[in-house]
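J.: These are the residues of each chain, in order.
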Amino acid sequence: MLALAIVAISFFALPLIGLIWRAPWSKAWTYLSDHAALTALRLSLHTSLWATALSVLFGVPLAWLLARTQFPGRSAVRALCTLSMVLPPVVGGVALFFALGRRGLVGQWLYRWFDYQLPFTTAAVVVAQTFVAMPFLVITVEAALRQLDTAPEDAARTLGASRWYGFRRVTLPAIRPALVAGAVLSWARALGEFGATITFAGSYPGTTQTMPLAVYLARETNPEQAIVLSLLMIAISFTVLVTLRDRWFGNRHDTAVLS
Amino acid sequence: MRLRALPLIVALALISITTAACNDSSDAHSGDVVVFAASSLTAAFTEMGTAFNAANPDAHITFNFAGSADLVTQLTEGAPADVFVSADDSNMKKVTAAALNASDPVPIAKNTFAIIVGKGNPKGITSLADLAKSDLVVVLCAETVPCGKGAAKILANAAIAITPKSLEDKVKGVVSKVTAGEADAGIVFVTDVKAAGDTAAGVDIPADVNVISNYPIVVTKEAKHATAAQAFIDFVASAPGQAILAKYGFLAP
Amino acid sequence: MTLAAAITCEVGSLQLAVEFAVQPGELLAILGPNGAGKTTVLRALAGLQPIDEGRITIDGTVVDDPATDTFVEPARRATGMMFQQYALFPHLSVLENVAFGLRAHRVPKGEARRRAHEWIERVGLTDHAQHRPGELSGGQAQRAALARALATDPRLLLLDEPLSALDAGTRDAVRRDLRHHLASFDGMRVMVTHDPIDAFALADRVAIIEAGRIVQTGTFEEVTAHPRSRYVADLVGANLVHGVVAAGALTTATGAKVVLADAPPGPSFAVIRPHSIVVVRESPFASSARNVWPGTITELDRLGDRVRLRVDGVLPLTAEITVAAFEALALQRGDSVHTSVKATDIEVYPA
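Protein chains in written order, with our numbering: chain A, 1 to 259; chain B, 1 to 253; chain C, 1 to 351.
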């Protein structure tokens, strides 16, 4: 077991070490302080946080629906809502065109009535990221809701709590660790999103060119800068994952003691 | 994951490994030629491969189509290729500078640029100057890739300033945004307009501002089947080979 | 002003069809084995399980009547419910748990805290007000759950197996405690339990439920004296005797003395199982049983291969003997007999 686990760790660690090994450290600061890199980084953080917020806002009710209600075709709905996890992101981007683009199913009316074109805007980046990121939140939260004892929720209702009040004050605190985990996973997915973004939103500095797109483009002309930018993204994600994971394990421990 | 599915997954993995091994052994016998070619050649070279195989039943061609810069990276990292075709001279220069080639670069085709517009040219675009109109959605390639470099040079030559909505990482990104109707126009290779068929239309760019790019080809230093590789290059340069390239919109070298 | 319930509903493989009423101040115990539908009855009363047919009326308000499409949400019913494992909110303190219902009813925060504190004091948890449920003992958790259920001033209190979550060692003390706290509540109360001792100690009236049907109702004594089926006899057919324990023996109000094997002094009740009672015609001199009581057979019931005898005397008892023994003794109504039981066969609970 241990040997296999060590193989697994090496499998993840070696590519990272490879990047660090090839990184041009003497020029790192120059690359990082590059205006274009900073613009892409700011845009990435901005859009990925929005995507996470939207994933939570819509994903939690969706997870609740899947976990707590019975309706015909529920499995089909669940499969539908997690489809973007297996869909090649570029295909996802094309599909978003067909739905929300200027000639899309819904997009054509937006364009006709409001002269609004979603592609090539920062909002389109958020839409593309949310499309691929939300399933991670839905799956995590749904699993937590399924495992949760429903008695406290019932108790809340007999005490006069509306469904929403009970959900907010009883269910949400109970699934908080899973919610945090799901949100972090979604955020990580949104931050690294490339295919759907470049297909659906395009790539323009300051508007739609996120960090992964900038890295990809930099690779063509300046592979060294691409490595430095990749390492920066990795450092940010790593920090967030480590700190949040520690907190969330702490919480899980608490709830285990209490229940 | 349920453990029940594990045997199935292992079985599938084993099947794929054994079949891959079979391919490897057959490769060794028939002297296969691995061609690394710029992605703009995808359609033309696929047909080229079929024609070459018909003329040389013993040989078998395998293609790896990707952006020229990607292919150079793969070659530098030791990818097994017999032939490399670049969509521009600068990427080929990286290969020759690193002495990864066994033969001198030979131009096999030229490509030039055109304005790609939606099917039937709904916005009535007739010139480069039209691209500067503020109500048009124009997308270009990023300047880090050959099509973007070319577009920037053309616009500079014509002294036209435009604000694109997007700088795509590859030429297909520009094509797909125009054919999907999200963008009104873009600057792409003539061959891309041709490949888009009737889903898009092209508007010529005057020769005095247009840019022409070369497609140089080499046998790589690490080639395992150098003879067959050279045979393929000769086939591309021959009249039937040139006819195929012309069919896809490429200009003679 | 009563609870009137006619409940028909199907949950999984259970087909529930029961009808009962509860008066204010009364505690009805629904007694039955696991899976008989006890909890479903409570959930229907609370509104957590809509009924298929029938009608539930609480204090004159119809809260569930499928025929007229009436359904009052759980939050809007004047019911309080104590759940089987208490279902306290683990992330909230005892105070916040008790104040939860008041806050849900939009009582201002300060007012809610004040009233919650009163309840916490009433159930003796003042020292634990700031503790999380995880830090409470089973008995304390039960009192917190009771305070939480009563804090919103419900008219109907529902108790789901109030003692089953406790270990045997603390159950007796907590049961006594619960009886004390329940006494101060003047609304209607419905408790479900699978333990006849709980029903005996806490209920005014008992309804026996079996496979989704109420098979018998009455006071505990009525049901015990006249079980209508072998099942009820097994479930509740025990003799329960009140009295005060002193010097190893319990003395009843009528002066009967029951010698016990091991019991702490104080008010208690003893459980004497009908099948552990020996019935003889003459007083047995050579028996190890020290408990021998004279009496007269007033009733005879044949239940399958057993016969139940009601023996009235200084200590009225229900005994159960085999048909063979019954025929060998040729017993008849009105015969004088002696009943005896070994001290070690008697269970004692503090009252």
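A few of these clues could be false.
Quick list of in silico lysine-lysine cross-link-like pairs, BS3-like style, CA-CA up to 30 angstroms [claimed, not checked]:
| # | chain 1 | residue 1 | chain 2 | residue 2 |
| --- | --- | --- | --- | --- |
| 1 | B | K149 | A | K27 |
| 2 | B | K153 | B | K94 |
| 3 | B | K221 | B | K119 |
| 4 | B | K221 | B | K133 |
| 5 | B | K94 | A | K27 |
| 6 | B | K123 | B | K221 |
| 7 | B | K123 | B | K153 |
| 8 | B | K119 | B | K133 |
| 9 | B | K93 | A | K27 |
I should point out that these hints are in silico values taken from the structure, not numbers from a laboratory. The structure presented is a predicted model; accordingly, all values stated were derived computationally and were not measured.
J.: With a cut-off of 30 angstroms on the C-alpha distance, tell me whether K221/B and K133/B pass.
T.: With a Cα-Cα distance of about 49 angstroms, the restraint between K221/B and K133/B is violated, given a limit of 30 angstroms.
J.: With a cut-off of 30 angstroms on the C-alpha distance, tell me whether K153/B and K94/B pass.
T.: 21 angstroms, holds
J.: Could you grab the alpha-carbon distance between K123/B and K221/B and see if it respects the 30 angstroms cut-off?
T.: Violated: K123/B and K221/B sit about 50 angstroms apart, past 30 angstroms.
J.: Quick one, are K93/B and K27/A close enough, alpha carbons at most 30 angstroms?
T.: 25 angstroms, holds
J.: Is it true that the CA of K94/B sits at most 30 angstroms from the CA of K27/A?
T.: 22 angstroms, holds
J.: Are the Cα positions of K221/B and K119/B separated by 30 angstroms at most?
T.: With a Cα-Cα distance of about 45 angstroms, the restraint between K221/B and K119/B is violated, given a limit of 30 angstroms.
J.: Check whether the Cα positions of K149/B and K27/A lie no farther apart than 30 angstroms.
T.: Holds, at roughly 25 angstroms.
J.: Hint check: K123/B vs K153/B, CA-CA at most 30 angstroms. Holds or violated?
T.: 24 angstroms, holds
J.: Regarding the pair K119/B and K133/B, is the alpha-carbon distance no greater than 30 angstroms?
T.: 19 angstroms, holds
When the structure is compared with the earlier hints, violations turn up for hints 3, 4, 6 and for no others.
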